[in-house]
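Following the hints, complete the assembly by docking chains R and U onto the known chain L.
Chain residues, written in single-letter form:
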Amino acid sequence: MKNVISIDQFTKQDIDNLFATARTMKTLVETKGGDDRFRHKVSTNLFYEPSTRTSSSFAAAMYRLGGQVISINDVNYSSVSKGETLEDTIRTLEQYSDLIVLRHPQVGAAKRAVQASQVPIINAGDGVGEHPTQALLDLFTIYEEQCKIDGLTITLVGDLKNGRTVHSLAKLLSLYDVTLQAVCPESLAFPPEYGKVINFTELTDVLPATDILYVTRVQKERFDSLEEYEAVQGSYTVTNRLADTMKLSARIMHPLPRVGEIHFDVDNNPRAAYFRQMRNGLYVRMALIDMLLS
Amino acid sequence: MKNVISIDQFTKQDIDNLFATARTMKTLVETKGGDDRFRHKVSTNLFYEPSTRTSSSFAAAMYRLGGQVISINDVNYSSVSKGETLEDTIRTLEQYSDLIVLRHPQVGAAKRAVQASQVPIINAGDGVGEHPTQALLDLFTIYEEQCKIDGLTITLVGDLKNGRTVHSLAKLLSLYDVTLQAVCPESLAFPPEYGKVINFTELTDVLPATDILYVTRVQKERFDSLEEYEAVQGSYTVTNRLADTMKLSARIMHPLPRVGEIHFDVDNNPRAAYFRQMRNGLYVRMALIDMLLS
Amino acid sequence: MKNVISIDQFTKQDIDNLFATARTMKTLVETKGGDDRFRHKVSTNLFYEPSTRTSSSFAAAMYRLGGQVISINDVNYSSVSKGETLEDTIRTLEQYSDLIVLRHPQVGAAKRAVQASQVPIINAGDGVGEHPTQALLDLFTIYEEQCKIDGLTITLVGDLKNGRTVHSLAKLLSLYDVTLQAVCPESLAFPPEYGKVINFTELTDVLPATDILYVTRVQKERFDSLEEYEAVQGSYTVTNRLADTMKLSARIMHPLPRVGEIHFDVDNNPRAAYFRQMRNGLYVRMALIDMLLS
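Which chain is which? The protein sequence lines are L, R and U, in order.
Each step along the first sequence adds one to the number in our numbering, with nothing skipped, and position 237 is 237.
Each step along the second sequence adds one to the number in our numbering, with nothing skipped, and position 291 is 291.
Each step along the third sequence adds one to the number in our numbering, with nothing skipped, and position 35 is 35.
Watch out, some of these pointers could steer you wrong.
Distance condition first, Cα-Cα at most 35 Å in a straight line; then the derived DSBU-like pairs of lysine-lysine [to be verified]:
hint: 1; chain 1: U; residue 1: K26; chain 2: R; residue 2: K32
hint: 2; chain 1: U; residue 1: K171; chain 2: U; residue 2: K111
hint: 3; chain 1: R; residue 1: K220; chain 2: R; residue 2: K171
hint: 4; chain 1: R; residue 1: K148; chain 2: R; residue 2: K111
hint: 5; chain 1: L; residue 1: K32; chain 2: R; residue 2: K171
hint: 6; chain 1: R; residue 1: K220; chain 2: R; residue 2: K247
hint: 7; chain 1: L; residue 1: K26; chain 2: R; residue 2: K148
hint: 8; chain 1: R; residue 1: K196; chain 2: R; residue 2: K2
hint: 9; chain 1: R; residue 1: K26; chain 2: U; residue 2: K220
hint: 10; chain 1: L; residue 1: K32; chain 2: U; residue 2: K26
hint: 11; chain 1: U; residue 1: K111; chain 2: L; residue 2: K2
hint: 12; chain 1: R; residue 1: K32; chain 2: U; residue 2: K171
hint: 13; chain 1: R; residue 1: K161; chain 2: R; residue 2: K148
hint: 14; chain 1: L; residue 1: K111; chain 2: U; residue 2: K220
hint: 15; chain 1: R; residue 1: K247; chain 2: R; residue 2: K161
hint: 16; chain 1: R; residue 1: K2; chain 2: R; residue 2: K32
hint: 17; chain 1: U; residue 1: K32; chain 2: L; residue 2: K111
hint: 18; chain 1: R; residue 1: K171; chain 2: R; residue 2: K247
hint: 19; chain 1: R; residue 1: K26; chain 2: R; residue 2: K171
hint: 20; chain 1: L; residue 1: K32; chain 2: R; residue 2: K111
Because the hints were derived from the structure by calculation, they are not lab data.
Computed from a prediction, not measured in an experiment: that's the story for all the values here.
With the rest of the complex left out, here is chain L (with noise of 0.2 Å):
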C-alpha cells in the first residue's frame, strides 16, 4: 500500500496487520514515547480546512516515530492558494517531504494528489469524500474495547444522511458479521448504498442490545426550523440514565467534537470510551505512517 486514500483499499487482513502495529504502537508511546525509527524524515500536513484536531494527531503520530512535520493548516491564509492548482503545489511540497498528509474540501482530491505526487499520500478528508483514518481508528477502538468485531450490535444515532465519518465506518463494518442499526429521524436516514441498516427512532428501545453507541453530531443547519432541530437533538441526547440502561460492557463512542449530544455526566460512566477513541487516532496514524514509510 503506497498512499491512504478510501477504505476500499483495505482487506481484512489489511485491517488485521495494521491493527497488530497499532497495538504495538500502543506499547510504544506507554513505555518509551515513542522512538527514533522516522529520524530525518519530514511529514507535510497540508489542510485546505483547518482541522486541528486531525492535524495535532497526525502531527504527534510522526513526531513519536522521530520524524518532523511541516505543518501548512490554512491554505486560505497562505501563499499557497494564489491560484496555484492543487497538483502543483504536492508536486513542489513533495520535493521537501516524505509523506503529505491532505485535508480537502472537494471530493477526489487525495486522488488526485496521488496522481501528482512521488511521495505517498494520506487522506485527512476530501470534503462529503472520505475520512479513511477516523473510520479506521473507529474500527479500532470497538475492536480494542470489545476485544472482536463478529457479532456484535453496533448502533449509530445522529445525522446518519450527511455524516461521512458514519458512512465510510459502516462500509468498514460491511467486511464484518455485525448488526447495524440506525437511529435518526427520518429526513437524516442512512443512505443505503454504505450498508445494511435496521432503523429505528427512539433511542431507548435499542440501547439495551447495543454494544457500540456510536453518536455523531446533528447540524443545526440541516433543519429547516430551530425548533425541529431542538426536538431531535433533545431525543438523541445521550444521558448517564440512558447510558445506564446500556449492558455494562457496551461502549459509547463519538468522533468529538460534540456539542450536546452526549451530558458530560457520561465521561465518568464506564461505557464511555470517546477520549480513548481519541488516543487510538493517534496509534492507528503511527502505524499507517509506518506503513508507508517503511
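Showing chains R and U alone in chain L's frame:
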C-alpha cells in the same frame, strides 16, 4: 508540583530549587545548545489568543530539552473553536501530549484545564488573572542581575493598575525583604491587594536609590484623552539621561514589547537588562518543563 | 560569511564552495534523509508576509540537518505586530534562536535585522529588494542541469521589470560569461542596472539557441486592461509545441507558482526542470544554513 497555575503555589524553597535548575539550563544552552532528556515527549501550545513571544519561548524551551511541540496559536482560526468546551479540547489534546501550555482570555481557565487534564498544565496567561512564568522569569532576572533579592529597592513604573505582570511580580516579591516603590499616575495606581508599595509620582525622585527599575507599558486605551496619555507617557519615559542618574549596579527591566517607554539609546546602557530578561524566560521555562516532566 | 542578505556578498569562489556543499546535501538527503549536525539548534522563520513555499523549504532544510524550527508565518495575525519595531522583535527572538530567517515587505529590512542581531540572519525576501536564496538556487539549478554556466545562452521571459527573482539572478549571472536574452513586452522591459540583456519580443525567435529558458509570472495588475494582459500572457505561454523547438539539452525553469505561463503538458517534457529547481532550493538552503551555523 504537577501543574504551574499560579505563583501562589511557590514557596521560597520551590523558587530556590527552580532557579538552581534554571541556572543549569543556562549552562546547558550556552555550552551544548540543549540535550535529549525529553526525546519523544510532545508539548502542546494551546493559545486561545495569540502571543508569539510566549509561544516561541515555550517552544524553544521544549526543543532545547529534546522534545517536540504542537502549536495551536490562534484557536479562533481553528476548528477547536467550533462550540467545544475548554474541558473537551483539553481532554482531546492530552491524548497526544505529555504537557499542555495554555493561554486563554478567561480568568480561571488554567484551573479548569487542570481539573480536566491528566497531563500537566502550564498557565501561560489567563486573561487578567495570572501569568506565573512571566513573574518567575522576572524574579529570576532580578536575582541573576543583583545576585540577591533581599535588601533590594525595586521600583515599578507605568500602568500599575492593569498590569497583570507587575501584580504577579509584586506578590512573588512579598516573599522577600524588599522595598517596593511605585511610580505612576493616580488613575493607574497599584492595587493594595497585591502588596505594600511606597507611591511616587516623579521618576527622577526614585531613580538614585533604585536597584531594579521595572517599566511597563502605558496603554492609550486607559486614558480619557490623547493629551492625558501623552503627558503621562512622556513623564515616565526612560532615557539615557535618566538612566545615568541610577547606580551603576542598577538594572532596567521591561516585559516587552515596549512602545516608547524606554528609549532605544538605553539599549547600550550597562543598566539595560530587558533582553537578558527575555533570554531568562527560556531558562526558567526549561526549568519548569523539567520540573513537570521529570 | 555571518549573514545572507544580498547576492552582492558572494564571489565566484563563495558560490563554488556553496554549490559543492549543496551537492553533498543532495547526496545526504538522497541516501540518509539528513543528519544530526544541528541537533539542539533552533531556527526561527520570521515571516511578515506569508510565503508557504519559502518557509517550508527553510523548515525542511533545518529539519534535515537535525535542527528545530519556530515558525512565525504571518506576523499580522500575531502579537509581534503590536507596534514593536523590527529591531526589538529580532532582539527578542534571537534570545531563543540560533538563526533567524526573515521575510519582510520593506526593502532593507534584512540589513536592519543584521544590525540588531547577534545571531545570523538569512534574507528570505525583503519587498522589491532581494531574495538571495532564490537567485542562488536558480544558479545552482542551471549548473546542475548544464554542468557549466560559462558559455550558456539564458533567456528570461515574462515580467522582467518587476520580477525581483530575475533581477537577482541576472546580477549573479554577471559574474559569468553568459549570453543573457530578454523576451517581454516593452512596458515590462528588463531594467539596465541589473545587467546587459539582448531584447526580443517574440519567444519563437530565441528558443532554438536557448540553453536555459527562465519563465516568470506576468501579473494582471501590471496592465491597463484585461485584453492587453491576455495578449501578452498568450504570446509568452510555453507549450509543448514550443518547448520541442528547443535543443534537447535545453532546460525550462520557473520560480513557481505558475498561473498559466507553462502548460501542464510541458511537465513531462525532458526539458522541464522547475520541480527539480524547487528541490534544489532545499539543498542550497541546507548549504547556507550549514555555512552560517558551522
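Hint check results:
1. K26(U) <-> K32(R): Within the cut-off at roughly 27 Å; holds.
2. K171(U) <-> K111(U): Holds, at about 19 Å.
3. K220(R) <-> K171(R): holds (26 Å)
4. K148(R) <-> K111(R): holds (32 Å)
5. K32(L) <-> K171(R): violated (40 Å)
6. K220(R) <-> K247(R): holds (31 Å)
7. K26(L) <-> K148(R): violated (48 Å)
8. K196(R) <-> K2(R): Roughly 30 Å separates the two Cα atoms, so the pair holds.
9. K26(R) <-> K220(U): At roughly 53 Å apart (the allowed maximum being 35 Å), K220(U) and K26(R) break the hint.
10. K32(L) <-> K26(U): Measuring from Cα to Cα gives roughly 33 Å; hence the hint holds.
11. K111(U) <-> K2(L): Given pair K111(U), K2(L) is violated - Cα atoms ~46 Å apart, limit 35 Å.
12. K32(R) <-> K171(U): violated (40 Å)
13. K161(R) <-> K148(R): holds (27 Å)
14. K111(L) <-> K220(U): Judged against 35 Å, a Cα distance of about 32 Å means the pair holds.
15. K247(R) <-> K161(R): holds (27 Å)
16. K2(R) <-> K32(R): holds (28 Å)
17. K32(U) <-> K111(L): Measuring from Cα to Cα gives roughly 29 Å; hence the hint holds.
18. K171(R) <-> K247(R): Cα-Cα ~25 Å, so holds.
19. K26(R) <-> K171(R): holds (25 Å)
20. K32(L) <-> K111(R): Cα-Cα ~29 Å, so holds.
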